[in-house]
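S.K.: Take the two lone chains, each set in its own frame, and fit them into one complex as the hints suggest.
Chains G and L, in that order, give the protein sequences. The first sequence begins at 62 in the numbering used here and counts up one residue at a time. The second sequence begins at 4 in the numbering used here and counts up one residue at a time.
Distance condition first, Cα-Cα at most 16 Å in a straight line; then the derived EDC-like pairs of lysine to aspartate or glutamate: (1) L:K284 x L:E274; (2) G:K214 x G:D196; (3) G:K124 x L:D166; (4) G:K214 x L:E229; (5) L:K112 x L:E189; (6) G:K124 x G:D72.
Listed below are several chain G residues computed to face chain L (Cβ distance under 7 Å; list not exhaustive): (7) Q107; (8) V174; (9) S209.
Taking beta-carbon pairs under 7 Å as the criterion, some of the chain G residues facing chain L (in silico): (10) A86; (11) V89; (12) R90; (13) V93; (14) L94; (15) E103; (16) F110; (17) V111; (18) R171; (19) Y193; (20) S204.
No lab work stands behind these hints: they were computed from the structure. Glycine residues also receive a C-beta, built at the ideal position from the N, C-alpha and C atoms.
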Amino acid sequence: MLATAEEAVIDADTALEQLYAAHYAGLVRLAVLLLRDQALAEDVVQDSFVAMHRRWDRVDAGKAPAYLRQTVVNRSRSALRHRAVAARHRPDRLPDGAPADEAVLRDERRARVLDALAGLPTRQREVLVLRYYLDLPEADIASTLGISRGAVKTHASRGAAALRRTLTTEED
Amino acid sequence: MDRNDEHDDLSRALHDAVADVRPEGTLAQIRTRTDKVVPMSRRWLLPTLAAAAAMAVVVGGAFWLTKGDDAKPGPAAEGTATGSPSPSATATSPRAVPVYFVGDTPHGKKLYREFQTQQVCGTDDCLLKAATVSAISGSPTDPDYTAPWPSDTGLHGLSYDGDVLTIDLAGDLHDRPAGMSQADAELAVEQLIYSAQAGLGQGRPPVQLLLAGQHTDTILGVPSSEPLAAANPDDVQAMVQVDSPADGGDVSSPFTVTGRAATFEANVVWELRNGSTVVKKGFTTAQECCTLAPYSFQVSAPPGSYTLTVHDTDESGQGLPVDQDTKEITVR
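Excised from the complex, chain L in its bound form (with noise of 0.2 Å):
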């Protein structure tokens, strides 16, 4: 036999086994969940991507290799501005980076997502950086969290080829340091590539990580010869995250809550608490069950300091503790 064959053989057992599988679902199933509320991701989304306007159609992996080249205001930038150029790389505006750090749960430690303003330049790849940057040596908002990396932790570069992306790293990072866990170290690395990607915005691309410009076999101790995929969000992140309001932020009543939530039957309970007082509460469904998905809900409250807590139920009844996330917000 061969090769051909052989490729053939198992080929045609793979079709034959499934060639009598007829889908029974239909696009209208899919519809109806797609008409839903306009997503989380989606708002956070809006005014980024309207700060570069010209970004906007730039998709896939080329935005990389060409940053180089003269922006060209594209469609959406015309009628907005006579002739201008879009703007330049240089200037900086207040932007929202998704950037990942460590808190503790029921179920140990796990990662929560914070958007961060920072002043930020306006294109895909300033974004990536910053977000890169923060998750290594950057501090997180809500006082809950910590940054996994070691203090002398730096950035030698960056570059995504539209396939692997690559994060070259500063630092004595070979080997795991004294006092941390195998377990802090892996989830340290996935903190790291759980940020970057979602500061790339390209999906879930494999990182490959380098140490001071070389190929090492080991980051923190945890193998890093070959580029990593990141693992099972459902594995490695916190089961309940506030995305909006952040720790220490203003709004105003009425205000929406976002995050994401993978609790019991997909439902999502809060309170709102002056001191040790309920001043109010409620609850919601996130949009599937089971695993990270969106939820928000509307709060209004008279002018005060107060925590946000939204959590998970106990279904067990016995008190045991549950996934959460907390703020603390005033409300002007």
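One chain only, chain G, in its complex shape (with noise of 0.2 Å):
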């Protein structure tokens, strides 16, 4: 029962600094391909860890990157639904100069799967990042989202379906 002792012990601040160097890049990376925009992605990932860090005191360490990726996966859903009235404040990011033509194919397929994600249902789009992206098991993206085992297996199947669909005709 005491044996997390010396886990409850690192104080907020080292928790925030070791899981910053740890995680930030990788949930930025996931917000986006929920999201697909990395400022709003940053700005969900920066709020989870300030989230986290305010709770401390109540998150289990062991269990912290489980906790902010919980948190990540939740914000972002709820800044999809604030983002049709955000968008319109909101400039797109303009690309960085002329890029070369490879680039731009790269650039093309990149975005390609990224607008095939955005157009999926959310639950679908957050079980196949979950378990695509994050190669989590089953039942950590159930317990992640809050769903059932056999809702995730419906939503990754017909998710998977969905946008290997769009991949394969977007290609031809």
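M.R.: Written out as structure tokens, the structure is:
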């Protein structure tokens, strides 16, 4: 019962520093897959770190990465709801200079995947990203999203089929 | 293409899609936001944790499974007691029990949180039980709020396995009672989920509702066969809430008002009235804009009875009703 005492005494600032170094970049990429917007993704991830710091006395240090991940997924979902309004005020990011041909193709390929993800229902997108990007087992996906394992299976198979269909159609 | 290839092609596509993302944020940016005042929620927790010092190191889902073990004093208890055992689970002390109730807002009925001071035993599961029982059969301290559950609702059992919080209810709860709208029924379920999660203090685990020990397809007519996730707070909670002081509370001047608000540009406005006379007024900002975030401010006033109103601003300029919370308080 007291085995976790050592973890619990890591103070919030130290934890923030360690978790930032280990997880910030990965979480931003996760949020980009969910939001298709890097600026918004960074906002969401920073908010999540601030929220974790604020609640550090209630977070199990061993589970902090999972806690952060869940916060990022939940806040991304809220951010999407609010984005319809925010989009009117937030200019799109401009590309950095004129890229070479190969880079254009690569960027198109990446944009196509992000567009296809963005076109899916929210739950399907979340399940696909947790499964194929984070490689989370089914049980962890279920607890992260607060849904049953059966629902994870359904969303995963429908989402994967839809994503593949879109990607193949657009390649033709 | 076999199964692994199928996994790999989507996995590769997703990894590739964000391979060029170069995060630009810095730790310093986050630091500037965590260096602010000690947030309201932690101030609330301090007395609670002090009352159960040995519990402070119990994290994760372990406590429920080990509640039958002899609690040993943790490091925090050393030096404060000379070999005495930790507080027994049966001894009660006044603790702040988080519980949500229903109140009217310009956007329909929403949830408001109260911290009710109750005599509660010293362990984490005592707080979970107190919050859950208060949610289904307790009364709000603030007369502006109402309790949403039918009067014969009872609690059969409670358990938390580290993943799912299970609440076993008793009563005639399968169908939505006459006179309760679908929205009211859904809000009642959210009220129970939020209260139990707050009492548990382990984030927002999914909640499985049972009826008389059995899985049930509905509770109050709301689908409940699977564990339910809490709805987004910004969708179901009132946009301006006062946590402290409580309605009917006695305070000494100056006193600190704490709460949470999601208001226009994070602006939080308040007035202290004696009858219809505004005695004091002011404004502050919540820690974040556009989502429920903590705020706090100080008020000094001569002894007397007051109505404290904390509210959003009407940016339309058309005199529309604004989100607010009011508390009747006495300054001693």
